[in-house]
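If you're matching them up, the sequences are chains A and B in order.
Going by the UniProt record's numbering, the first residue of the first sequence is number 1, and it counts up by one from there.
Going by the UniProt record's numbering, the first residue of the second sequence is number 1, and it counts up by one from there.
Hint data in this document are derived by calculation from the structure and do not stem from the laboratory.
Treat the hints loosely; a few may be bogus.
Per the computed footprint, the stretches of chain B lying under chain A, defined by three or more beta-carbons under 8 Å from a beta-carbon of chain A, are [to be verified]:
id : region
1  : 173-181
2  : 255-268
Here are the computed lysine to aspartate or glutamate pairs in the DMTMM-like style, where the Cα-Cα straight-line distance is at most 25 Å [to be verified]:
id : chain 1 : residue 1 : chain 2 : residue 2
3  : B       : LYS254    : A       : GLU89
4  : B       : LYS266    : A       : GLU89
5  : A       : LYS32     : A       : ASP230
6  : B       : LYS266    : A       : ASP108
7  : B       : LYS254    : A       : GLU73
Cβ coordinates follow ideal geometry from the N, Cα and C atoms, glycine included.
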Amino acid sequence: MGTRETPQANAAGSDDPLLAVENLTTVFNTDKETIHAVDGVSFDVREGETVGVVGESGSGKSVTARSILGLVERPGVIESGSIRFRGDELTGDNWDRYRGDISIVFQDPINSMNPVYTVGNQIREALRIHQGLRGQDAREEAIRLLEEVGIPDARRRVGEYPHQFSGGMRQRAVIAMALACDPDLLVCDEPTTALDVTIQAQILELLDELQREEDLAILFITHDMGVIEDTADRVNVMYAGEVVERAPVDQLFDSPAHPYTRGLLASIPGQTAESDRLPTIGGEVPTPTAEPTDCRFADRCPEAFDACEQVHPDHVRIGSDHTAACLLHEDRYDRQLSASGAGDDTPAGDAAVDGGGQR
Amino acid sequence: MSRWRYLAKRFLMAIPVLWLGTSMTWAIIFLGPINPATYVLGQTNPQNQAAVKAARERFGLGEPPLEHYTEFMINMVTLDLGQTWLLYPGTPVMSLIFDYAPRTVWLGFWSVLIAVFVGVPLGFYAGLNSNSVSDYATSLTGIVWRAMPNFWLAIMLLALLVKSETITQALFGIPISWDTFLVDINAITGNPQLSYMQGNPLALVTQPRETLAAIKKILPAAVVLGSASMGNEMRIGRTAVLETRSEQYIDTAKAKGVSGRVLVWKHILRNALIPLVPIVTSEAFLLIGGSVLVETVFGINGMGKLFFDAAIQGDLWLVATLMFIFIILIVGINIVQDLLYTLIDPRVGYERE
Ligand code: SF4
């Protein structure tokens, strides 16, 4: 069940969303095995909105970002599925036409800029490619962009090297460079994770401002539910290469349907006021190496029952624009708890749901 | 700018290094057990105490060490290099060096150049086409080439060149003699004729025939001398390119739409050059040692050979002076290295907060 059936029309008036990812499967072929880093992921991004992708490390969210930008390199390969931008297929090496229309901001601002060229040089490079600006014009525009992203004394700093910028300033410069490409979609891959909390808030605020001013669509990738809550309009929760739940942000926080989402929500500090300890989901994200025959979350799921080991759950409709891939929501399976599961029929995540409701 | 301050600092730091190196040279050579007086008296009568004493006096070896040290240091620093004692008695060291150095410089120049201009591009090529057939072929050749010892390579190369007519006849059906190929040289080994450039360095370009002949003469020696470096530079160049390619800023540039050629030339190669700088310069040091061997094999009268002869004959003063020149060279190469760093990498000299 796709999300595209939702009634909201996009601004362009056509039925195509800005970005449509469908059944994307990106695998890494090693000598021993094939790792399905992204396995049948579908979601879309409409003009001007922020779509969040959230999951632990290893969930495949960064590979999803790299796939969208055509940056997957050997031994990785996009095995199947489609990525359409404005209705045009990008897979099969058609990225060049839309370079710049999709820009990316990586997690680590230290390595996002080439250390041997000045910040200005790298912004001007993007301006030349995407806006045809050269010489003094490009310089002035680069300064304007740096000012726009809130870098003080931009006229001087445009001639400085990335290592002369502090972490937060460098991330602002990276954003300026992304803006120089005049993008419609900005992919932010954990853009604030490497920064400390105050700077993180400033960068989020900046992205928010830019989105309003420039009518940018943002694909926001993070492991941090708190950040998702502040930024995203719609959210895709990823686990072991798959999207396990998708919903508008309010619905996701008010009534999470997938046990994994509940776990993630419960682990946000401050969400569970009664408990002293921060509940976390035990275990790690498995590395998917084959086609799934079970629910990949079954090992760690507090509500797993027998069928979870035998059936790979499909997305089930929970509400309008809200789906989850969990057998709990399919009536045809007998919800007999397995011996290893929790002894209580009440989902452990309910506490988190209540907590979320009281925010 | 802090980069240039860093360079100036490195320059100042070279002074104590120079002083220390020269002092150690003095200590090792003049406080050591070698008594050049016995060489000079040689066949006559080394047992004659008076003659030995007289010879020692003549060399200034009778002085108290501190005085001798001070005198030596002052002489070196003021470039008053004195005369040789034994090798070419009475010849000023300075004129010997002027006579011998150009051939070594010529040899060193071409061996560094050939190594850099063959090794680095091959390494970069292999790195850009990693895990392809051409990468494997290049890497394998590089490893084999690097594994061949200098002296063996020198002999094999000479053997091939001597037989060049027979070999080309067998391979291509036309006999090409190395002696007469492009320009005539009278013998495969020996000194390159550099005198045409004396007092007129522009002759390097204005008299291409002489230049070509001189290059051809030095080529086998330069290839041998640079062979190890070439292999090293290839290996490091390949790794450097591979590492740079996986850097995040390369992804950023790709996402920005930078085209393949600009990506390689602007974003990858300049960064890949950074780890190569110390490799190239440290190999320039090896050349100083290697030139002793290669000059001997190829019959080139250069500084390496001069040093070898002086050491064998116990001409301490000449040995010490040549050591001093080598120290200056090494310190100089170090400064060149810092200069290259400063030019290529803006992060140099930047104090992290
Ligand atoms: S399908 Fe089963 S194991 Fe998977 S999340 Fe739902 S309840 Fe848990």
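Hints numbered earlier in the text: which of these fail when held up against the supplied structure? 1, 4 and 5
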